[in-house]
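Knowing the structure of chain A, use the given hints to seat chain B on it.
Residue numbers (the UniProt record's numbering), protein chains in the order written: chain A, 1 to 371; chain B, 1 to 371.
These are calculated hints, taken from the structure and not from any lab test. We put the beta carbon where it would ideally sit given N, CA and C, even for glycine. There could be a bad hint or two in this list.
Stated by the list, open to error - Keeping only pairs whose Cα atoms sit at most 27 Å apart, straight-line, the calculated BS3-like set for lysine-lysine is:
no., chain 1, residue 1, chain 2, residue 2
1, A, Lys3, B, Lys56
2, A, Lys31, B, Lys56
3, B, Lys31, A, Lys267
4, A, Lys134, B, Lys3
5, A, Lys357, A, Lys31
6, B, Lys134, B, Lys150
7, B, Lys356, A, Lys56
8, B, Lys267, B, Lys56
9, B, Lys56, A, Lys267
10, A, Lys356, A, Lys287
11, A, Lys56, B, Lys31
12, A, Lys365, A, Lys287
13, B, Lys356, B, Lys31
14, B, Lys31, B, Lys357
15, B, Lys267, A, Lys56
16, B, Lys356, A, Lys3
17, A, Lys31, B, Lys267
18, B, Lys356, B, Lys287
19, A, Lys267, A, Lys56
20, A, Lys150, B, Lys3
What the hints assert, rightly or not - A few chain A positions that, by computed beta-carbon distances, are all more than 12 Å from chain B:
no., residue
21, Asp139
22, Val149
23, Pro185
24, Pro360
Said to hold, decoys possible - Which chain B residues face chain A? A few, computed with CB under 7 Å, are given here:
no., residue
25, Lys3
26, Glu23
27, Glu41
28, Val61
29, Gly65
30, Val149
31, Val248
32, Asn250
33, Arg256
Number of protein chains: 2
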Amino acid sequence: MTKPVLTPLAQSLPASVPFVGPEAAERASGKPFIARLGANENTFGPSPRAISAMQKAASEVWMYGDPESFELRNALAAHHGIAPENIMVGEGIDTLLGVLVRLYVGQGDAVVTSDGAYPTFNYHVAGFGGELHKVPYVDDHEDPASLIVKAREVEAKLIYIANPDNPMGTWHSADVINQMIADIPDGSLLVLDEAYIEMAPEGTAPEMQVDNPNLIRMRTFSKAYGMAGARVGYAIGAAEVIDAFNKVRNHFGMCRISQAGALAALKNSDWLAHVQSEIITARETIKQIAADNGLTTIPSATNFVAIDCGQDGAFARRVLAALLEDGIFARMPFVAPQDRCIRVSCGTPEQMDAFKKALPVALQKRGATAW
Amino acid sequence: MTKPVLTPLAQSLPASVPFVGPEAAERASGKPFIARLGANENTFGPSPRAISAMQKAASEVWMYGDPESFELRNALAAHHGIAPENIMVGEGIDTLLGVLVRLYVGQGDAVVTSDGAYPTFNYHVAGFGGELHKVPYVDDHEDPASLIVKAREVEAKLIYIANPDNPMGTWHSADVINQMIADIPDGSLLVLDEAYIEMAPEGTAPEMQVDNPNLIRMRTFSKAYGMAGARVGYAIGAAEVIDAFNKVRNHFGMCRISQAGALAALKNSDWLAHVQSEIITARETIKQIAADNGLTTIPSATNFVAIDCGQDGAFARRVLAALLEDGIFARMPFVAPQDRCIRVSCGTPEQMDAFKKALPVALQKRGATAW
Numbered sequence: 001m002t003k004p005v006l007t008p009l010a011q012s013l014p015a016s017v018p019f020v021g022p023e024a025a026e027r028a029s030g031k032p033f034i035a036r037l038g039a040n041e042n043t044f045g046p047s048p049r050a051i052s053a054m055q056k057a058a059s060e061v062w063m064y065g066d067p068e069s070f071e072l073r074n075a076l077a078a079h080h081g082i083a084p085e086n087i088m089v090g091e092g093i094d095t096l097l098g099v100l101v102r103l104y105v106g107q108g109d110a111v112v113t114s115d116g117a118y119p120t121f122n123y124h125v126a127g128f129g130g131e132l133h134k135v136p137y138v139d140d141h142e143d144p145a146s147l148i149v150k151a152r153e154v155e156a157k158l159i160y161i162a163n164p165d166n167p168m169g170t171w172h173s174a175d176v177i178n179q180m181i182a183d184i185p186d187g188s189l190l191v192l193d194e195a196y197i198e199m200a201p202e203g204t205a206p207e208m209q210v211d212n213p214n215l216i217r218m219r220t221f222s223k224a225y226g227m228a229g230a231r232v233g234y235a236i237g238a239a240e241v242i243d244a245f246n247k248v249r250n251h252f253g254m255c256r257i258s259q260a261g262a263l264a265a266l267k268n269s270d271w272l273a274h275v276q277s278e279i280i281t282a283r284e285t286i287k288q289i290a291a292d293n294g295l296t297t298i299p300s301a302t303n304f305v306a307i308d309c310g311q312d313g314a315f316a317r318r319v320l321a322a323l324l325e326d327g328i329f330a331r332m333p334f335v336a337p338q339d340r341c342i343r344v345s346c347g348t349p350e351q352m353d354a355f356k357k358a359l360p361v362a363l364q365k366r367g368a369t370a371w
Numbered sequence: 001m002t003k004p005v006l007t008p009l010a011q012s013l014p015a016s017v018p019f020v021g022p023e024a025a026e027r028a029s030g031k032p033f034i035a036r037l038g039a040n041e042n043t044f045g046p047s048p049r050a051i052s053a054m055q056k057a058a059s060e061v062w063m064y065g066d067p068e069s070f071e072l073r074n075a076l077a078a079h080h081g082i083a084p085e086n087i088m089v090g091e092g093i094d095t096l097l098g099v100l101v102r103l104y105v106g107q108g109d110a111v112v113t114s115d116g117a118y119p120t121f122n123y124h125v126a127g128f129g130g131e132l133h134k135v136p137y138v139d140d141h142e143d144p145a146s147l148i149v150k151a152r153e154v155e156a157k158l159i160y161i162a163n164p165d166n167p168m169g170t171w172h173s174a175d176v177i178n179q180m181i182a183d184i185p186d187g188s189l190l191v192l193d194e195a196y197i198e199m200a201p202e203g204t205a206p207e208m209q210v211d212n213p214n215l216i217r218m219r220t221f222s223k224a225y226g227m228a229g230a231r232v233g234y235a236i237g238a239a240e241v242i243d244a245f246n247k248v249r250n251h252f253g254m255c256r257i258s259q260a261g262a263l264a265a266l267k268n269s270d271w272l273a274h275v276q277s278e279i280i281t282a283r284e285t286i287k288q289i290a291a292d293n294g295l296t297t298i299p300s301a302t303n304f305v306a307i308d309c310g311q312d313g314a315f316a317r318r319v320l321a322a323l324l325e326d327g328i329f330a331r332m333p334f335v336a337p338q339d340r341c342i343r344v345s346c347g348t349p350e351q352m353d354a355f356k357k358a359l360p361v362a363l364q365k366r367g368a369t370a371w
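So here's chain A without its partners, still in its complex pose:
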């Protein structure tokens, strides 16, 4: 009996995962984390009103979610002062990026991103046979000008930039991003991933530009709104670009509970302000903990801080492993020289205390001996 055969493209792809899950690390170590600070999650959690809304919706989960996410989409439109036709709600930015790549990137089509930027975007590009072209970070920042030059050179279908950036936490002002938007090459679509935008200073987000069919922006409830596990993201763009999602998206893919939670979270701006304040405090705490250990941090506009461990990637990796032995889960950038850093999420005072205790031990354990 002849087995079924994968498509040539699928055959060429490894069975891989952009990130190993925190739970897998816990299972490997045999004990739960003391502080889960590695998955770019928001430990301050969702609005209590969002929790209530989700708890209420749990008993209604026998119904499919509204495939149009009508209420949420309209609330988001009002929130941003744009039309519902400019918004597509999806199962997190990861899913929206996958659909976007599927719509625009055929086999061999060029895509531009930064070397060391979001791996899940790269995973989708590879998954649809696109050719990735990467430009390096400059001073731990993504480099808009080089991204544009490269995009022009390779005639990129998509250009990806995250502002603020993951994994470094750095950011560009709206002026810089607006210049990048003005410079988008003919035929390219700029994917502006603003997953962390609610944590960034005023003046980071450009104004809405929903008449521009060469720009699409990604937002999420996973970060500032503290609902990573709910899988709610949304794209903002020109109506024709947004409507194209309806060609291939999973129309009934949204969790009904998550839709209810996101709607309640959006309406609770006080909680968002509270989280924003906690994050600013925790960033300073991480900076101080690093300084107490003779280390510097990269300024961050996100809910994580990259600590420069002052040596190479191998050293940073040893520090991470030592932290994990003490129950502290963190991660690190994949690419040199950014991989000299470890990336630590903002946490509650208890979590920050646990990290404060563990970091000097980890540095001492791993500093002198080969691992």
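This is chain B only, laid out in the frame that chain A set:
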């Protein structure tokens, strides 16, 4: 400025949805349904323990779901007496079907299904450029023998059959399905969609056959477990077929709340038994309501019943519209001659009473006059 251009495949696809959502119908009519009996949902709802588990998980939703769905996958493996390597958990069968088609169906590849069977599968096949070949129902049943003949003729990559069937509710015995499995042509993969299997009589589901790389089965928490809005399905197959999902699936796509709910639901077999019993009762109620109006029903192994309205599709459509005016939401098969029927979900006694009152009115309103 030149706009970004969709891939040729994406350009060729309409912006469409396999089903318009019930909420859209409610918004159009300006009033909520009295009985939501059209979306193949289980109005008896999820296990109270599943609801509790989801309510508890809501406050932990700041964490991403485990990308391996480790606990749920292991519990499912134990439940079915197979290995975790034979199970892939995903965001509902819709998503799993999309990934499966993506893995196996390239542009122009042949796929076989029944004319009038699950439209979302067809949507995915079209979305990846596959060529659909359809065989007709026979006596309101999918026709395994013809599906196999057609698959052999066109050298199908995938063969789709739902057992029990949607939209008709009919089913084949495990013996018939086992014969179909034995007859799978070289190189074809049989997709056995068993979304409704927990509602079918003993002897409908074949034994597990996880050594067979030409067979993949789809199961879900959306139907008997009453959790459609949670988006939890799973595929059962040979380890190599299951592992291929890891090449392209959205690893962090599962809602953490839904994972918790599905795990609790699986463990609460008493509630499943309760729902199974309610469904058997409601099927009989629908049959009786139809009989009281001079109509017959198609025997069903699902939580819906197709009522033969005795005329053509246009008439059935008028009956549906009239029911909707009275707040009863139902649907109908898309293809003749099955579209002589309307499809009504099993409901609570209150919902069945509402339907009982509305049906004769709808038949009378629509029977004599053109609509």
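Going down the list of hints, with the structure as the test:
1. With a C-alpha separation of about 44 Å, the suggested pair Lys3/A and Lys56/B falls outside the 27 Å cut-off, and the hint is violated.
2. Pair hint Lys31/A plus Lys56/B holds up; C-alpha atoms about 21 Å apart against a cutoff of 27 Å.
3. Our distance criterion of 27 Å between C-alpha atoms is met by Lys31/B and Lys267/A, whose separation comes to about 24 Å.
4. Annotation: proposed proximity of Lys134/A to Lys3/B holds, straight-line Cα distance about 23 Å (limit 27 Å).
5. Our distance criterion of 27 Å between C-alpha atoms is met by Lys357/A and Lys31/A, whose separation comes to about 18 Å.
6. With a C-alpha separation of about 8 Å, the suggested pairing of Lys134/B with Lys150/B holds against the 27 Å cut-off.
7. With a C-alpha separation of about 30 Å, the suggested pairing of Lys356/B with Lys56/A is violated against the 27 Å cut-off.
8. In summary, the hint linking Lys267/B to Lys56/B is supported, as the alpha carbons are separated by about 16 Å, within the 27 Å threshold.
9. A distance of roughly 22 Å separates the Cα atoms of Lys56/B and Lys267/A; the hinted pair therefore holds under the 27 Å criterion.
10. Between Lys356/A and Lys287/A, the direct Cα distance comes to roughly 11 Å. Compliance with the 27 Å bound is thereby established for this hinted pair.
11. Taken as a hint, the Lys56/A and Lys31/B pair is honoured in the structure, with Cα atoms around 21 Å apart against an allowance of 27 Å.
12. In summary, the hint linking Lys365/A to Lys287/A is supported, as the alpha carbons are separated by about 21 Å, within the 27 Å threshold.
13. For the hint pairing Lys356/B with Lys31/B, the CA-to-CA distance comes to about 20 Å; that is within 27 Å, so the pair holds.
14. Of the pairs offered as hints, the one joining Lys31/B and Lys357/B holds, with about 18 Å between alpha carbons and a cut-off of 27 Å not exceeded.
15. This hinted pair checks out: Lys267/B and Lys56/A have alpha carbons roughly 22 Å apart, not beyond 27 Å.
16. With a CA separation close to 51 Å, the supplied pair Lys356/B and Lys3/A exceeds the 27 Å bound.
17. A distance of roughly 24 Å separates the Cα atoms of Lys31/A and Lys267/B; the hinted pair therefore holds under the 27 Å criterion.
18. Using a Cα cut-off of 27 Å, the hinted pair Lys356/B and Lys287/B holds, with the two alpha carbons roughly 11 Å apart.
19. Simply put, Lys267/A and Lys56/A have alpha-carbon atoms about 16 Å apart, close enough for the 27 Å limit, and the pair holds.
20. Distance check on the hinted pair: Lys150/A and Lys3/B sit about 18 Å apart at the alpha-carbon level, within 27 Å; holds.
21. Distance check for Asp139/A against chain B: the nearest CB is about 30 Å away, which clears 12 Å, and the non-interface claim stands.
22. Once the 12 Å rule is applied to beta carbons, Val149/A is consistent with being away from chain B; the minimum gap is 18 Å.
23. Under the 12 Å C-beta cut-off, the non-interface status given to Pro185/A relative to chain B is violated; the minimum distance is some 9 Å.
24. At roughly 27 Å, the least C-beta separation between Pro360/A and chain B is larger than 12 Å, which holds for a residue marked as non-interface.
25. With a least beta-carbon distance of about 5 Å to chain A, the hint placing Lys3/B at the interface is held under the 7 Å criterion.
26. Interface restraint check for Glu23/B: the shortest CB-CB distance to chain A comes to about 4 Å, inside 7 Å, so the restraint holds.
27. Checking Glu41/B against chain A by beta carbon gives a least distance of about 5 Å; that is within 7 Å, so the hint holds.
28. The criterion of a C-beta within 7 Å of any C-beta in chain A is met by Val61/B, whose closest approach is roughly 4 Å, and the hint holds.
29. The restraint placing Gly65/B at the interface with chain A holds, with a minimum CB-CB distance near 5 Å, inside the 7 Å limit.
30. Checking Val149/B against chain A: minimum C-beta separation of about 18 Å lies over 7 Å; hint violated.
31. Contact between Val248/B and chain A, as hinted, is supported at the beta carbon level, the nearest pair being about 5 Å apart and thus within 7 Å.
32. Because the beta carbon of Asn250/B sits about 5 Å from the nearest beta carbon in chain A, less than 7 Å, this interface hint is met.
33. Satisfaction of the interface hint for Arg256/B is found here, the shortest Cβ-Cβ separation to chain A being roughly 3 Å, below the 7 Å cut-off.
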